[in-house]
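Participant: Just so you know, the protein sequences line up as chains X and A, in that order. Quick note: the first sequence uses the working numbering, first residue 21, plus one each step. Quick note: the second sequence uses the working numbering, first residue 130, plus one each step.
Be aware that a few hints might be false.
Stated by the list, open to error - DSBU-like, lysine-lysine: derived pairs with alpha carbons at most 35 Å apart:
| id | chain 1 | residue 1 | chain 2 | residue 2 |
| --- | --- | --- | --- | --- |
| 1 | X | Lys-122 | A | Lys-169 |
| 2 | X | Lys-23 | A | Lys-297 |
| 3 | A | Lys-445 | X | Lys-119 |
| 4 | A | Lys-435 | X | Lys-122 |
| 5 | X | Lys-122 | A | Lys-254 |
| 6 | A | Lys-515 | A | Lys-499 |
| 7 | X | Lys-23 | A | Lys-254 |
| 8 | A | Lys-254 | X | Lys-33 |
| 9 | A | Lys-445 | X | Lys-33 |
| 10 | A | Lys-165 | X | Lys-79 |
| 11 | X | Lys-122 | A | Lys-323 |
| 12 | A | Lys-254 | X | Lys-119 |
| 13 | X | Lys-79 | A | Lys-323 |
| 14 | X | Lys-53 | A | Lys-165 |
| 15 | A | Lys-333 | X | Lys-122 |
Just so you know, these hints were derived from the structure itself, not from any lab.
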Amino acid sequence: MAKITFITNDDEKITLEGASGSVMALAVENNVKGIDGDCGGVCSCATCHVHVAPEDIEKTGEASEIELDMLELDDNTNEYSRLCCQLQITDALDGIVLKVAK
Amino acid sequence: MKKSELPDPFKNAREETGIGEMNDQNDPVTMLLRHKDVRKGAHNWKTFQSGAVPGRIVVPSEVNIRDLRQIPFEVDPPQHADYRALIEPWFRRPLEESYTKKLNDIITKVIDEALILESVEVVNKFALPLQSRALTLLINTPFSESETWISWGTHVFRSEGDPLDGDKAEVLYTYLDEKIEEAIKTPSDDLYSKLAESEFEGRKLTKAEIKGIMVLTFAGGRDTVINAVTNSIAYFAEHPKSLQQIKENPEIINSAVEELIRYFSPLTQMGRVVTQDTQVCEHAAKADTRISLCWASANRDDAVFKNPNEVILDRKMNPHVGFGFSHHNCLGATHARQIMRTLLKTLSEKVSTIDIIDFEENIENLDQFKRKVGFHKINVKFNSKKIT
Chain X
21 MAKITFITND DEKITLEGAS GSVMALAVEN NVKGIDGDCG GVCSCATCHV
71 HVAPEDIEKT GEASEIELDM LELDDNTNEY SRLCCQLQIT DALDGIVLKV
121 AK
Chain A
130 MKKSELPDPF KNAREETGIG EMNDQNDPVT MLLRHKDVRK GAHNWKTFQS
180 GAVPGRIVVP SEVNIRDLRQ IPFEVDPPQH ADYRALIEPW FRRPLEESYT
230 KKLNDIITKV IDEALILESV EVVNKFALPL QSRALTLLIN TPFSESETWI
280 SWGTHVFRSE GDPLDGDKAE VLYTYLDEKI EEAIKTPSDD LYSKLAESEF
330 EGRKLTKAEI KGIMVLTFAG GRDTVINAVT NSIAYFAEHP KSLQQIKENP
380 EIINSAVEEL IRYFSPLTQM GRVVTQDTQV CEHAAKADTR ISLCWASANR
430 DDAVFKNPNE VILDRKMNPH VGFGFSHHNC LGATHARQIM RTLLKTLSEK
480 VSTIDIIDFE ENIENLDQFK RKVGFHKINV KFNSKKIT
C-alpha cells in the first residue's frame with residue numbers, strides 16, 4: 021500500500037491509499053479536483069498533470085520522452101511536472117505529495 | 130487488403146517533406162503531416178488562428194455556405210477560454226452514472242434490433258440512429274427528436290454527391306432557430322435553455338452565439354461518430370478474436386477505444402488561418418493563407434507510434450490526436466468516448482461474429498491524397514452469442 025497526497029488548486033489536501041493501478045485512476049475514483057484522466061491513461065490528453073514535490077522526485081522517477089513531449093505543450097509545466105497516468109502505484113511511492121497543475 | 134483497413138496515404142509526403150498541398154475552392158491549404166508539427170501548430174494559436182472568417186478553417190471550406198460563427202471552435206484565446214468554461218461542465222455530463230445508464234440502454238437496443246435482422250446497412254440503419262439517439266442525451270432533449278435528426282441523413286451540411294449542400298445547412302438553422310425561441314419562451318432542462326440563461330462577459334448570450342454553439346454540437350459529432358461506429362463494426366467483423374479479447378479483458382476497453390480513434394481518425398484534418406508570414410517544414414506560409422493540422426497523418430507517424438498501421442487494442446502509450454490537440458481539443462470527446470466504450474462492451478457481450486455482405490467505401494478527395502475515411506454503406510449480418 022502507498023499513501024499519496026494530492027493538493028488541489030484551491031489548497032484542499034487529500035490523502036488516498038492505493039495498492040495498484042495508476043495514480044491517475046486513484047485520483048479519478050476519488051474525485052480529486054483537476055484530475056480528469058479523459059483518455060483513460062494512454063498519455064494522449066494531459067488532463068492528469070501534477071507537480072511532484074521536489075523531495076519526492078527520486079521516488080517517481082523521470083518522465084519518458086512521449087510524456088515530456090506532451091508536457092512541453094501543456095500549461096503550467098515545470099521541472100517537477102508529471103502526467104500521473106504514467107505513475108504506477110507501488111510501495112515505492114508511499115508518502116509522495118502531488119500538487120494538481122490545473 | 131482487408132475491408133476494414135484504412136490505409137495511410139500520407140506516409141511518403143510525411144517522411145519526405147512533412148507537408149501536403151490541397152487546393153480547396155481556390156483557397157489552398159498547406160497540410161501539416163508530422164505528429165510534432167501538428168501538435169505545435171495546434172498549440173500556436175497566435176500564428177495559426179481559428180477566429181478567422183466563419184467556415185474558413187474547415188476543409189473543405191464552408192465560407193460560401195455559412196456566415197454563422199461556430200463557438201468556441203472558431204474563437205481564439207482569451208475569449209475562447211471563457212466560452213469553453215461556460216459550456217465545459219455540460220459536456221462532461223456523460224461521466225454521470227444516470228447518463229451512462231441511459232446511453233447503455235440506447236446502444237443495447239440498437240444492437241438487439243440489429244441481431245434479429247438478416248442484414249443491416251450499418252451507416253444509415255445502425256450508426257446514424259445510434260448517434261442521433263445518443264445526442265438526445267447530450268442535449269437533454271426528448272428521445273423523439275432523434276427521429277427528425279435521423280431524417281436529415283449522415284451529414285448536417287452534406288448530401289450525397291454534394292459535399293457542401295447549403296440547403297441542408299438551412300434545414301438545421303431553421304430547426305435551431307425554432308428550438309432557441311422555444312427555450313427562451315418556455316425554459317426546460319435542455320442545452321438550449323441552459324445557454325439561453327447563461328451569462329457571458331456580464332451579459333446574456335445572444336441568439337447567434339447560442340446557435341453557434343448548437344451548430345457545433347450537431348455538426349461536430351455527426352459524421353465523426355458515425356464513421357467511428359461504422360468502422361468499428363467493420364473492424365470487429367474481420368477481427369472476431371478482438372471482440373473475444375475485450376469480452377475476456379474488459380479492462381482494456383479504454384485503451385481499445387483510444388486505439389480505434391487513433392487508427393480511424395474520424396476527422397481527417399482541421400484548418401487554421403496564418404496570421405503572419407512564417408514557415409512550416411521549411412516551406413513559406415504567408416499571412417492570410419491556410420494550413421491544416423492533419424490528425425489522420427499525425428496518428429500514423431512512426432516517429433511516435435510503433436507499428437502505426439496495426440490496431441493494437443491494448444496499446445499502452447498512445448499520444449494520438451484523434452480528438453484534436455491543445456485549446457481546441459474536441460468538446461464532445463467525453464460523449465464520444467462513452468459511446469465507443471459502451472459500444473465495445475455491449476458488442477463483446479452480445480455479438481459473436483459479424484459477416485460483411487457488401488460495402489461501398491467513402492474516399493475523401495484531398496487533391497494530392499485520397500483517404501478512406503469509412504464507408505458510404507456497408508451491409509452486415511450480426512450473429513448473436515449462443516446462450517449457454
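Participant: Against this structure, judge whether each hint is valid.
Facilitator: Here's how the hints hold up against the structure:
| no. | hint | result |
| --- | --- | --- |
| 1 | X:Lys-122 <-> A:Lys-169 | holds, 21 Å |
| 2 | X:Lys-23 <-> A:Lys-297 | violated, 57 Å |
| 3 | A:Lys-445 <-> X:Lys-119 | holds, 25 Å |
| 4 | A:Lys-435 <-> X:Lys-122 | holds, 31 Å |
| 5 | X:Lys-122 <-> A:Lys-254 | violated, 42 Å |
| 6 | A:Lys-515 <-> A:Lys-499 | violated, 41 Å |
| 7 | X:Lys-23 <-> A:Lys-254 | violated, 50 Å |
| 8 | A:Lys-254 <-> X:Lys-33 | violated, 50 Å |
| 9 | A:Lys-445 <-> X:Lys-33 | holds, 30 Å |
| 10 | A:Lys-165 <-> X:Lys-79 | holds, 30 Å |
| 11 | X:Lys-122 <-> A:Lys-323 | holds, 25 Å |
| 12 | A:Lys-254 <-> X:Lys-119 | violated, 48 Å |
| 13 | X:Lys-79 <-> A:Lys-323 | violated, 46 Å |
| 14 | X:Lys-53 <-> A:Lys-165 | holds, 30 Å |
| 15 | A:Lys-333 <-> X:Lys-122 | holds, 27 Å |
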